[in-house]
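Take the given structure of chain F and dock chain Y to it, following the hints.
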Amino acid sequence: MVSVVSPDAGQEAGQEAGQEAARAREVAATVTDPELPMLTLADLGVLRDVELADGTVIVTITPTYLGCPAMATMRDDLVHRLRDNGYPDVQVRVSLSPAWSSDDITAHGRRALAAHGISAPGRANRAAGPVALTLSPVRRAIACPRCGSREVELSSEFGPTACKAMYRCTACLEPFEHVKEI
Amino acid sequence: MGDTGDHDTDHDTDHDTDHESVYDGLLGSGDSQWAFGTEFEDPLAGMDTAIPDGADATSLAQYCLMLGDDALIYAHRLSEWSSRAPDLEDDIALSNIALDLLGQARLLLTRAAAADPALVPTLPAGSPVPPEDALAFFREENAFRNVRLVEPDNGDFAVTIVRLLIFASHRLAILQRLAASTDAILAAIAVKGVRELTYHRDYAARWFLTLALGTDESRRRLLAALTVVWPYYGELSRTHPVERLVAGQGVGVDPATLTDEVDVLLGQVFGVSGVDRPDLPAVGPVSGGTGRDGRHTEAMGPLLAEMQVVARAHPNGRW
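Just so you know, the sequences run in chain order F and Y. Note that numbering that gives the first Met the number 0 has the first sequence beginning at 0, numbered continuously upward. Note that numbering that gives the first Met the number 0 has the second sequence beginning at 0, numbered continuously upward.
Note that these hints are calculated values from the structure, not bench results.
Chain Y stretches covered by chain F per the calculated footprint, using a threshold of three residues with CB under 8 Å from any CB of chain F:
hint	segment
1	83 to 92
2	99 to 112
3	184 to 193
4	198 to 207
5	262 to 270
Label-pair distances were calculated between CB atoms; the ranges are:
hint	chain 1	residue 1	chain 2	residue 2	range
6	F	Arg22	Y	Asp152	54 to 60 Å
7	Y	Pro85	F	Asn84	47 to 53 Å
8	Y	Ala142	F	Glu150	52 to 58 Å
9	F	Asp83	Y	Gly125	30 to 36 Å
The structure presented is a predicted model; accordingly, all values stated were derived computationally and were not measured. All C-beta atoms in this analysis are idealised placements derived from N, C-alpha and C, irrespective of residue type, glycine included.
Just chain F, with the same shape it has in the complex (with noise of 0.2 Å):
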């Protein structure tokens, strides 16, 4: 990372080095995702790792499912970011493990969702074992972000992303998206 001299000298370099990839982090850390831009890549769990390595910052970042379109654009928002603020070398890479979960959306994050009308995932259940069937409908025990009413339907699993369920309030009859669990 950086050529130690002398004892004092690396630890001052060591210093600047650490201080100057913290501030690449916190550059890093601004940049928002494409299909959901009230929540940054850091908000989402995805935003893994940024180091600097003989000046260049290094962002590891994982994918939400594996067909997740938006990483692409997600690799060039971080490459503009950062090289708006002054690192112009900048590389991406994928970790596939350990794989992204819903739980890995921050407090801050799952209020963000919220104050945009978008449901944010309850705790995904992890159980060991072989995966179980689950032949009735899926029951969550959530809100309407709109109007705060628990009285919720699910219209589809499957929402306009891979990370979304689709849902219809009866109260005030909005609909609404849902983050799955995953």
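Okay, now just chain Y, sitting in the frame of chain F:
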């Protein structure tokens, strides 16, 4: 993925451009919106693609082709429902399922190409087509390793649901085991795939039940669909020598070991639906081979023709 060199200028200028037409956003903003495009990023960027101890690269690559082709061909078939499903919710559901499978296919084909570059068809010098796209769009029919179940026409909604139930049940069983693969990339793809397939299987199983207990007409169609799809079920648990090999190496799964598990699960769905398990002969091998050997149904040629025609017409195309 790390390659961000050549198309940056486009982006920089695009930031400051006032869009005058609704089409402007599609032009000159780089290529990141195109799935099949130039300056394509490596979907495994930064991942360790070394071959695990005890595995051989050729078999690992062949195995990735099998699982990747299952997903690719079925994704293509299912995507034909886009704009044609019985209602908007199911249109979106089937399109989402196709997209999930396409995502799995892309990574699996990338893994295959990384493990054994000799598999990738040769393209004209200077072609910008990445290896996984070369595998998808430039292989001949007999080089595809998918099971025949995924090839035939979608039929009516009942045929689609029965096929999806069988496919998703079997693939979910494979991926659950594959999560313990000694190949870190296959294991990571499997862990993510399990979560996706869980939704697919539940979706198909619920519709199966709904059609079975719905109207006389929906039940009639469901039973008719079972006779169309069931003959291809047996092939899913027929072990190909490559599958036996990779299972022995700790990399893959022998599908024959999943038969009981998948049978029990399908039996559960049939039971609550009041449907008998079909008693129909399986479609046999052709000249001693099945889909895993590159022997396909008559539906495969037209499917590939449609899927590959544009890419093949422009092997040097920049999109």
